[in-house]
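Enquirer: Following the hints, put chains B, C and D in place on chain A, whose structure we already have.
Same order as they appear, the protein sequences are chains A, B, C and D.
If you count by this note's numbering, then the first sequence holds residues 27 to 312, one letter each, in order.
If you count by this note's numbering, then the second sequence holds residues 27 to 312, one letter each, in order.
If you count by this note's numbering, then the third sequence holds residues 27 to 312, one letter each, in order.
If you count by this note's numbering, then the fourth sequence holds residues 27 to 312, one letter each, in order.
Some clues are possibly wrong.
Copies of the same chain look alike in the list, so a pair counts if it fits in one copy or across any two.
[Said to hold, decoys possible] Below, simulated DSS-like cross-link-like pairs (lysine-lysine); rule was C-alpha separation at most 27 Å, straight line:
(1) 81 to 275
(2) 115 to 275
(3) 93 to 176
(4) 124 to 275
(5) 93 to 115
(6) 81 to 307
(7) 275 to 307
(8) 81 to 176
Please keep in mind that the hints were generated in silico from the structure rather than gathered at the bench.
Protein chains: 4
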Amino acid sequence: MKAAHRYILTLTCPDRVGIVATVSELIASLNGWVTEANYHSDQDSGLFFMRNEIKADSIGDQIEAFKAGIRAIATNFNLHWALHDTAEKQRIVLFASKASHCLNDLLHRWHNGELDCTVSAVISNHESLRRMVEFYGIPFEYIPIIPDNKAAGFHQVAEALEQLQPDAVILARYMQVLPGSICEAYNGRMINIHHSFLPSFMGANPYQRAFERGVKLIGATSHYVTEDLDEGPIIEQDVSRVSHRHQTKDLIRLGKDIERVVLARAVRSHLERRVFISGNKTIVFD
Amino acid sequence: MKAAHRYILTLTCPDRVGIVATVSELIASLNGWVTEANYHSDQDSGLFFMRNEIKADSIGDQIEAFKAGIRAIATNFNLHWALHDTAEKQRIVLFASKASHCLNDLLHRWHNGELDCTVSAVISNHESLRRMVEFYGIPFEYIPIIPDNKAAGFHQVAEALEQLQPDAVILARYMQVLPGSICEAYNGRMINIHHSFLPSFMGANPYQRAFERGVKLIGATSHYVTEDLDEGPIIEQDVSRVSHRHQTKDLIRLGKDIERVVLARAVRSHLERRVFISGNKTIVFD
Amino acid sequence: MKAAHRYILTLTCPDRVGIVATVSELIASLNGWVTEANYHSDQDSGLFFMRNEIKADSIGDQIEAFKAGIRAIATNFNLHWALHDTAEKQRIVLFASKASHCLNDLLHRWHNGELDCTVSAVISNHESLRRMVEFYGIPFEYIPIIPDNKAAGFHQVAEALEQLQPDAVILARYMQVLPGSICEAYNGRMINIHHSFLPSFMGANPYQRAFERGVKLIGATSHYVTEDLDEGPIIEQDVSRVSHRHQTKDLIRLGKDIERVVLARAVRSHLERRVFISGNKTIVFD
Amino acid sequence: MKAAHRYILTLTCPDRVGIVATVSELIASLNGWVTEANYHSDQDSGLFFMRNEIKADSIGDQIEAFKAGIRAIATNFNLHWALHDTAEKQRIVLFASKASHCLNDLLHRWHNGELDCTVSAVISNHESLRRMVEFYGIPFEYIPIIPDNKAAGFHQVAEALEQLQPDAVILARYMQVLPGSICEAYNGRMINIHHSFLPSFMGANPYQRAFERGVKLIGATSHYVTEDLDEGPIIEQDVSRVSHRHQTKDLIRLGKDIERVVLARAVRSHLERRVFISGNKTIVFD
Chain A
27 MKAAHRYILT LTCPDRVGIV ATVSELIASL NGWVTEANYH SDQDSGLFFM RNEIKADSIG
87 DQIEAFKAGI RAIATNFNLH WALHDTAEKQ RIVLFASKAS HCLNDLLHRW HNGELDCTVS
147 AVISNHESLR RMVEFYGIPF EYIPIIPDNK AAGFHQVAEA LEQLQPDAVI LARYMQVLPG
207 SICEAYNGRM INIHHSFLPS FMGANPYQRA FERGVKLIGA TSHYVTEDLD EGPIIEQDVS
267 RVSHRHQTKD LIRLGKDIER VVLARAVRSH LERRVFISGN KTIVFD
Chain B
27 MKAAHRYILT LTCPDRVGIV ATVSELIASL NGWVTEANYH SDQDSGLFFM RNEIKADSIG
87 DQIEAFKAGI RAIATNFNLH WALHDTAEKQ RIVLFASKAS HCLNDLLHRW HNGELDCTVS
147 AVISNHESLR RMVEFYGIPF EYIPIIPDNK AAGFHQVAEA LEQLQPDAVI LARYMQVLPG
207 SICEAYNGRM INIHHSFLPS FMGANPYQRA FERGVKLIGA TSHYVTEDLD EGPIIEQDVS
267 RVSHRHQTKD LIRLGKDIER VVLARAVRSH LERRVFISGN KTIVFD
Chain C
27 MKAAHRYILT LTCPDRVGIV ATVSELIASL NGWVTEANYH SDQDSGLFFM RNEIKADSIG
87 DQIEAFKAGI RAIATNFNLH WALHDTAEKQ RIVLFASKAS HCLNDLLHRW HNGELDCTVS
147 AVISNHESLR RMVEFYGIPF EYIPIIPDNK AAGFHQVAEA LEQLQPDAVI LARYMQVLPG
207 SICEAYNGRM INIHHSFLPS FMGANPYQRA FERGVKLIGA TSHYVTEDLD EGPIIEQDVS
267 RVSHRHQTKD LIRLGKDIER VVLARAVRSH LERRVFISGN KTIVFD
Chain D
27 MKAAHRYILT LTCPDRVGIV ATVSELIASL NGWVTEANYH SDQDSGLFFM RNEIKADSIG
87 DQIEAFKAGI RAIATNFNLH WALHDTAEKQ RIVLFASKAS HCLNDLLHRW HNGELDCTVS
147 AVISNHESLR RMVEFYGIPF EYIPIIPDNK AAGFHQVAEA LEQLQPDAVI LARYMQVLPG
207 SICEAYNGRM INIHHSFLPS FMGANPYQRA FERGVKLIGA TSHYVTEDLD EGPIIEQDVS
267 RVSHRHQTKD LIRLGKDIER VVLARAVRSH LERRVFISGN KTIVFD
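The following block holds chain A by itself, in its conformation from the complex:
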């Protein structure tokens, strides 16, 4: 059931005639077997987005020739590109607070091979989830965030990240607003789950406010973290039906089931290099 060894080529460039032909010709010339190909021309930005999955053994020992070929094209077409080797596992760091539902879900999926990555550590501002994390054999770092001196805690967080050098950071209901410098450093690589259907109910206590407004559906949103709280590019959203019979505590309970899957889908898409950021929006090749 293990996924085959593949290369994933992702690229962005100003849209113009010939880009698919040129890249496809390069891949074909190396006898590369494309198992999945996705393209998108964004009318607003005039940008072109492309993702190709190629069987590694079809390229064989010509990987350097492949890279050289892309570099040659890159100048011509003004490409931003990356070639990902699925044999090189991405390292992620998870942040959590006291709520366990998202963290338990991600760890369970990771343990079962649904998320192809290494979990370098779980960082939390509370001790409560240490046992669960250690059950999965993952280092747990307790870094308290004291209301009176958050800066000290965040300094420690920044140092831990400096040490861990993760490819991506996942905020699994961390409940703390990270300082701009950390958001900046992980721009496009830090994913949050917000417990509302954004842009409704940005900020604190979304379920309480959803209850007060009397909405008939509640939602959750996973997005890349930017300095503007809850305003980063949206990766995935989903909703669940509620009614007058549900109190705020029921919305919280029902919402957990949406938060879990919405975050997990976003993390999986990100790890599989399916998500491209275009301005404040995303392209997600599914």
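Expert: Just chains B, C and D now, with coordinates in the frame of chain A:
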């Protein structure tokens, strides 16, 4: 397939012990056969809501005794109540502009017996839908709303409503903000469809703004009209998945399918006396 | 956040005038505060179903009077009834095999207080999930089922259940067909999750068959176990969209997310006494 | 809002290295501007599917060179291909019986420009929908199907189709099983809507049977018609939640809303050349 003749008793009162027993005892004493019963205790407001459907022929000629019985209880329990006779059709007036999807949908459902009411008239600020409305044998009133002098048009609208005396008014994508006096007059009896998942994207051009925000689901919301635009009690909402492949014009097209059903469900629930307003929220017994 | 102490009265009887009045009158006479009330008249069977949640402290020390009152009514109205005390936790036994997703989900919810019960044991025909179960402090019983001699294993299962005397049995992807005698013994108290949208794809390998049929949605179904495999009363179902891009292994992965929530919702509804069986169907008061 | 003039190139061939490069190179050599590109490698059949939308004015007067280029590639790669000109409207014939919901929906969408085609005629075995069809200015052909002599009616149907030569035939709740010869003649071009979530409840009275089985979701399925009733390749499906409160007549009513959109989505996808048939399954590029 015609629905049987029924009485629908709806009531609201401060929640206290004995209300269900007292009302049920009254119905039983008249040999009333309850086909559907719904109750809700609202913890926030401390109010109790009740809806009972009773076969008309089980009550037979004791209908006055029934009303007298309820009146007797009403004082005691501080009831607001109404007894609806399904044989007396409610009269509704539909408002539309140029977009035909909601109007066509409601008229088709009405024609097929899905909406148990009389459509007294369709009022529109454009002539475009006259032929469709007259196909269904319904009077079409063209009342233009001139940007420079909206007051004149709205005065005519108010007079038309004064004449028609509808039980309910449905804004089927009317696209005009009615004056406060009309909203007031039809408080709790005027239903609008807003083409977004409220409270996201209140006001104008919601699909354009949803596109710009890059949401992954679009929605529609039916709500009672209040003086505060798009802030009235929500009756029904639904959503549809969209992606980076969809432009604003696609959101508009896909949104129509949600608007249609969300408005139709709200109208049907209202006509069947299933919707209760509690503050700025609704209880919908389904 | 702990739920208040309540009594849950559930009853079924031939539908006739006066039953709600009589029961409500009894509750009111004891000053019982009803927090949730549900009624259903089943037109097919002519049966009436009722569920009332009553605050325990409103009844106080009159609980015996309450029971006596119901007993008096029962004869008259031919009631089947039960009075559940939420202070008396139900005991459940979970069955699993190798797949961990449903079991992990149920144990996590139970641990977080979403499922109000005691988990007496997990029984499995494989050792694989022992560590996860023991992490939650729950006894794990390994009872192998040998293809050549299933009877021996099932005999052991029957003895274990005899010992444990659970109120309900949950098959969390157990993958074994239990003998009729065990199904019979837990009739209406044993819940299974089937990994298809029943009645489609009953029996083995539903995802493989869904893939071969080219369906555009896959589903999962939780139902009470009867002697007829996958034909018992359905409690809950849900679906997930798939496309030509998904192989059988993707359907299996995506299906897990549906199985999890569909089983969890069924178990929660059952534990809260919200599910009534009527012939081969269920009434679920939500 | 009118869609731009485009060419749509669709092709299928045995999967092998170089096909995308070769076709893309051809398009680029003519300066063709690809606005949408989709590819799929089917692991089961070993076939490759491709759809490209190209702005017509980017190709200009080189359309014959384009065709010649594809013909040259076709032999080499064993292509089945078609080049569709969106300026040439496809002609469709709709079949209906007494139920109006699907027909009204398709005609309304067509009238509003959502379905890019010409409706040549509506054929029905009942007169009931004549007025609705003629309102839209479409010829209505009444061809009765007499139980005692269905062959005579179907002979007339075959002759009408012979005359009309439609590109596609849509069965909008026609409720008659067409003879194999007609199914054969419109293989891959005749779309039906079945009022269940196939493969559940194939054949007659699916809502009644869904009610009897006590399912918690009902569905609808659009599929290409083959000689095996309700077993053709599925194009689209959707579902709606139901409960014990719904009788068969409610399932029929709620089901209409699903049938409408499921059929409309399938027709639109077919008209836009987004649907490819592979064995008994479909690839739908959305």
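Enquirer: Run every hint past the structure and note whether it holds.
Expert: For each hint, the structure was consulted:
1. Taking the closest pair of Cα atoms, residue 81 and residue 275 come within 27 Å of each other only across two copies (18 Å); inside a single copy the shortest separation is 48 Å, beyond that limit.
2. Taking the closest pair of Cα atoms, residue 115 and residue 275 come within 27 Å of each other only across two copies (21 Å); inside a single copy the shortest separation is 39 Å, beyond that limit.
3. Taking the shortest Cα distances, residue 93 and residue 176 never come within 27 Å of each other, neither inside one copy (45 Å) nor across copies (57 Å).
4. In the homo-oligomer, the alpha carbons of residue 124 and residue 275 lie at most 27 Å apart inside one protomer (16 Å), although the nearest pairing across protomers, at 34 Å, exceeds that limit.
5. Within a single copy, residue 93 and residue 115 get their C-alpha atoms as close as 19 Å, which meets the 27 Å cut-off; across copies the closest is 45 Å, which misses it.
6. Proximity of residue 81 to residue 307 under the C-alpha cut-off of 27 Å is restricted to the inter-copy arrangement: shortest distance 25 Å between copies versus 30 Å within a copy.
7. In this assembly of identical chains, the alpha carbons of residue 275 and residue 307 lie at most 27 Å apart only when taken from different copies (17 Å versus 32 Å within one copy).
8. In this homomeric assembly, residue 81 and residue 176 never come within 27 Å of each other (Cα to Cα): the closest approach is 47 Å inside a single copy and 44 Å across copies.
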